[in-house]
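The hints should help you fit chain V onto chain R, whose structure is shown.
Just so you know, the protein sequences line up as chains R and V, in that order. Residues in the first sequence are numbered consecutively from 6, following our numbering. Residues in the second sequence are numbered consecutively from 19, following our numbering.
Note that these hints are calculated values from the structure, not bench results. Where hints are given, some of them may not hold.
Calculated lysine to aspartate or glutamate pairs in the EDC-like style (CA-CA distance at most 16 Å, straight line) [claimed, not checked]:
#, chain 1, residue 1, chain 2, residue 2
1, R, 283, V, 216
2, R, 553, V, 149
3, R, 270, V, 183
4, R, 270, V, 216
5, R, 270, V, 177
6, R, 283, R, 332
7, R, 574, R, 528
Every beta carbon over 10 Å from chain R, so not counted as near; a handful from chain V, in silico [stated by the list, open to error]:
#, residue
8, 37
9, 63
10, 67
11, 147
12, 202
13, 207
Cβ-to-Cβ under 7 Å is the rule here; a few derived chain R residues that face chain V [what the hints assert, rightly or not]:
#, residue
14, 274
15, 278
16, 316
17, 320
18, 323
19, 324
20, 328
21, 515
22, 516
23, 517
24, 518
25, 519
26, 549
27, 555
28, 635
From a predicted model like this one, the values you see are computed outputs, not experimental measurements. Note that CB positions come from ideal geometry on N, CA and C, so glycine has one too.
Okay, here's what each chain looks like letter by letter:
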Amino acid sequence: MPIKILSAQLANQIAAGEVVERPASVVKELVENSLDAGATKIELEIEGGGSRLIKVRDNGVGIAQAELALALSRHATSKISDLSDLDKIMSLGFRGEALASISSVARLTLTSCTADQNCAYAASAEGREMTVEVRAAAHPQGTTVEVADLFFNTPARRRFLRTEKTEFSHIDEVIRRIALSCFNIQFRLSHNGQLVRQYMPASDSQAQDKRIKAICGAHFLQNSLKINASYDGLELSGWLGSRRAARNQADLQYTYVNGRMMRDKLLNHAIRQAFSDKLANEQYPAFVLYLTLDPSQVDVNVHPAKHEVRFHQARMVHDYVYRVLAETLEQDDIQVAAQNEYAQPSIADTVDMANTKDRETSPDLVNDQVSCYKHPPQKASNEYQKSKAEQVPESRPVHAISTLFPGQKHLTGVSAARAKTGQTDTQAQSSHLYGQLIKPSSVLPQAKQTGYNSNTASDKDWLYLTLVQEKWLLFNYQGHLHATAALPCCEFLAKNKLSRSLATGIVSQPLLLPVAISVENAEIELLKTHRDQFEALGFAVKISPSNKLVVQKIPAVVKDFQINSIIFKLLRKISEQNEQLNSHNWLNALSQAVAPELITQPQHFSLWLNDVSEQAESQLQTYLQQNSVKMDLNQWLDS
Amino acid sequence: MIKPKTPASEQELLALASQIAGFTLSDLAQLAGIQVPENLRKDKGWGGQLIEWHLGASAGSKPVPDFEQLGIELKSLPVNRNGEPLETTFVCAAQLTGIAGQTWLQSPVYKKLARVLWIPILAERSIPVKDRLVGYPILWSPTAQQAAALRADWEEIMDKIAFGEIQSITAKTGTFLQLRPKAAHSRIRTQAIGTAGEPIAALPRGFYLKKDFTRLILNSV
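So here's chain R without its partners, still in its complex pose (with noise of 0.2 Å):
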């Protein structure tokens, strides 16, 4: 099949796949609309369940005529404008879609009038292309949205329909969902004719009592602990249902985030979290939960239908939710403990009472003694436990709320959280140079090591070729090859190289693993009265309990070499020439006892000829012109 453009149709019908999933899901996105439309009365009428009609009538701001058509082709909405409202979307909608996606997939009527429009339109969207028919009509200032014969077209999507009485109950119940997230708006529920429900705005807590009555019943309401709490930009509110209130399904149990309605999974494992051990396997919690948070905090961009959101800081919103209801439920079981401790002396009263009546004659009289032994303490008991029901809730969330998040200032007071990593950022500077001082002098750059030898030759230059056998250094010099003793001239190297680092300060480098080398006891007592000059040179030698040297420092500038035979070489330098030992001599021994290393390891060689040569250029060249032998090929080639 070639590829081609799909028609407005089907991309539409495309599109009302994923939102468009059964009547219920239409009267979802039309509601919202009316919601999103400032509407405070919304009256919907429902036939055959749904499929046959469905009509949401509000008294909304409308929509003007010229944008009638507009409002129902695909991605087109005045809920955002461009990218950055949808960081922070207080509206339920913003996709552009719903009116577009339920018209091509049922007869849909969109008919609406603003404040300063003489007279109402209607608008209907038919054919391949949905082309937009606009025509005059009679409405008072508002929206209708007639949806009718719904799949009519899809009759895949048709089947799966149910009854209609399952599919009202499903309408009812997105309405219930959606009379809860706005108690000031007034809702007219109707199915074939019949009110069904209706509920009236409520402003004040005693009327949204009464309509949390009528959606969850009024086990529910009695059983319900009411949640006010805010921190740090957080806000939850609501009722959690206590755990007499638990139930047997899943079925009451409506989560908000910024008045939207929300099957989230985070929140809801947050809130069965905070029941812990409180419910029984097979019993769910039920609650009327409100979760306000800053709309950049949250991203509802997540699900077509938007059940679920992502919260940037989902564990903090998590565990805000968690210790909040947690606490509050703990505090219920305190209050209920309470006021079980306060029943007991009652039934002692009863008992009591009971007693004497078998023992009182005159029923006057005990009618007396019960009401004045009944009365005090009942008023009593009943006043501690107001004061108790009072007192706890709101002396507590207060003190819940402060310690709610005690480190979280740290994490969101941004002066707090500088000053913090400022210390950090200093601690690792310093552990960061300590690592520069000690880094190994083998990373540096490849180049430097052959820097010498690809110097631009001038005449002067000594270009290192190679070494013969460990015995010989071959330099080409003016164009002749020249060769000269290693040994000595390893040795020249390294006292220069020491020397210039003991006269700028000898770093002195620790050993990861410290080399512990078995020696002579007179070696040891050598070592014990020189170790002032150990020192001086960089060395940390210690005397283990076994009697073995310990080598746990070094100079920085030996690091690549073998320790061992160095320390070794050192003492004999140093037992042999036992007498009259000043610096000069201890520099001349440790550099008789590093040179053998530059023999053995090439490549060190290398970077300390360059190091040399870049630093004491003349010296070199000195050394090399009176300690070396210039070897004629020519005459060996042309005999």
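What follows is chain V alone, placed relative to chain R:
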């Protein structure tokens, strides 16, 4: 030798630790006047305790830093001849409940790792216990980068614990910090949170630093 006094400053502690750098465990045992065990199968923490003794540590196995006054945690770190870490490093037991609202800065992981005195121990299996060598101490705090990396791992793991997805955490979760079972045997259970928020029983877990991370610390010296 008598047990050293608890050091009063970082410098004193570092000095004590440098004193014993390069000593073998038998040297340390001799100084402390105790016997070296044949193997450490039955006394897993023997080496660490011996070092603690020499550094005058006080806390024992309490959940506070070993040098509480100084806020410094002591960690011995088994390494091979090349100074490479031999195993992951236990940081602390993971709390599976009662973690609501816990931030990184309040977490035991952060507190434990805020300042650590690492003592490498040359402890290849082939080396007898008595010949194992104590390395040079490294007094360390995470760099900003390291702290950020640990925090990212910690947050990922804590999110899963909090949302009841503990069973989906494997040793592969996290770049530097990992969560692994930490219990004497696999039948031990502790309370945790299930997928629906209900209480469940789960194997106790602990936070561990992966070798890649401790290698970074060792290489910084």
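Structure-based check of all given hints:
For the given pair, residue 283 of chain R sits about 10 Å from residue 216 of chain V by alpha-carbon distance, which is consistent with the 16 Å threshold. Among the hinted pairs, residue 553 of chain R with residue 149 of chain V is consistent with the structure: their alpha-carbon atoms are about 12 Å apart, no more than 16 Å. Only pairs whose Cα atoms come within 16 Å are accepted, and residue 270 of chain R paired with residue 183 of chain V is accepted, the gap being roughly 12 Å. The suggested pairing of residue 270 of chain R with residue 216 of chain V holds, with an alpha-carbon distance near 13 Å, which does not exceed 16 Å.
For the proposed pair residue 270 of chain R and residue 177 of chain V, the alpha carbon gap of about 13 Å is at most 16 Å, so the pair holds. Of the supplied pair hints, the one linking residue 283 of chain R and residue 332 of chain R holds, its CA atoms being roughly 13 Å apart against a limit of 16 Å. At most 16 Å may separate the alpha-carbon atoms for a hinted pair to count; residue 574 of chain R and residue 528 of chain R meet this at roughly 11 Å. The claim that residue 37 of chain V lies off the interface is violated: its Cβ sits roughly 8 Å from the closest Cβ of chain R, which falls inside the 10 Å cut-off.
For residue 63 of chain V, the shortest C-beta to C-beta distance to chain R comes to about 21 Å, beyond the 10 Å cut-off, and the non-interface label holds. Annotated as non-interface, residue 67 of chain V keeps its C-beta farther than 10 Å from every C-beta of chain R; the closest such distance is 18 Å. Consistency note on residue 147 of chain V: stated as away from chain R, and its beta-carbon is indeed over 10 Å from all of that chain's, at 15 Å minimum. Remark: the non-interface label on residue 202 of chain V is consistent with the geometry, its nearest Cβ contact in chain R lying 26 Å away (cut-off 10 Å).
The claim that residue 207 of chain V lies off the interface holds: its Cβ sits roughly 15 Å from the closest Cβ of chain R, which is beyond the 10 Å cut-off. Hint status for residue 274 of chain R relative to chain V: holds, with the closest Cβ pair at about 4 Å, below 7 Å. Hint status for residue 278 of chain R relative to chain V: holds, with the closest Cβ pair at about 4 Å, below 7 Å. A least Cβ separation of about 11 Å between residue 316 of chain R and chain V goes past the 7 Å threshold, and the interface hint is therefore violated.
Of the supplied interface hints, the one on residue 320 of chain R holds, with its beta-carbon coming within about 5 Å of a beta-carbon of chain V, less than 7 Å. Against a cut-off of 7 Å between C-beta atoms, the interface hint on residue 323 of chain R holds, since the closest Cβ of chain V lies about 6 Å away. With 7 Å as the threshold, the beta carbon of residue 324 of chain R comes within range of chain V, its nearest partner Cβ sitting at about 4 Å, so the hint holds. A cut of 7 Å between beta carbons decides the hint on residue 328 of chain R: the least distance to chain V is about 5 Å, and the hint holds.
For the restraint placing residue 515 of chain R at the interface with chain V, the shortest Cβ-Cβ distance is roughly 4 Å, inside the 7 Å limit, so the hint holds. Taking 7 Å as the C-beta contact cut-off toward chain V, the hint placing residue 516 of chain R at the interface holds, the least distance being around 6 Å. Nearest Cβ of chain V to the Cβ of residue 517 of chain R: about 5 Å, under the 7 Å cut. The hint holds. Checking residue 518 of chain R against chain V: minimum C-beta separation of about 5 Å stays under 7 Å; hint holds.
Because the beta carbon of residue 519 of chain R sits about 3 Å from the nearest beta carbon in chain V, less than 7 Å, this interface hint is met. Look at residue 549 of chain R: its Cβ gets to within about 5 Å of chain V, closer than 7 Å, so that hint holds up. Look at residue 555 of chain R: its Cβ gets to within about 3 Å of chain V, closer than 7 Å, so that hint holds up. The interface hint given for residue 635 of chain R is broken, as the beta carbon of that residue sits about 45 Å from the closest beta carbon of chain V, more than 7 Å.
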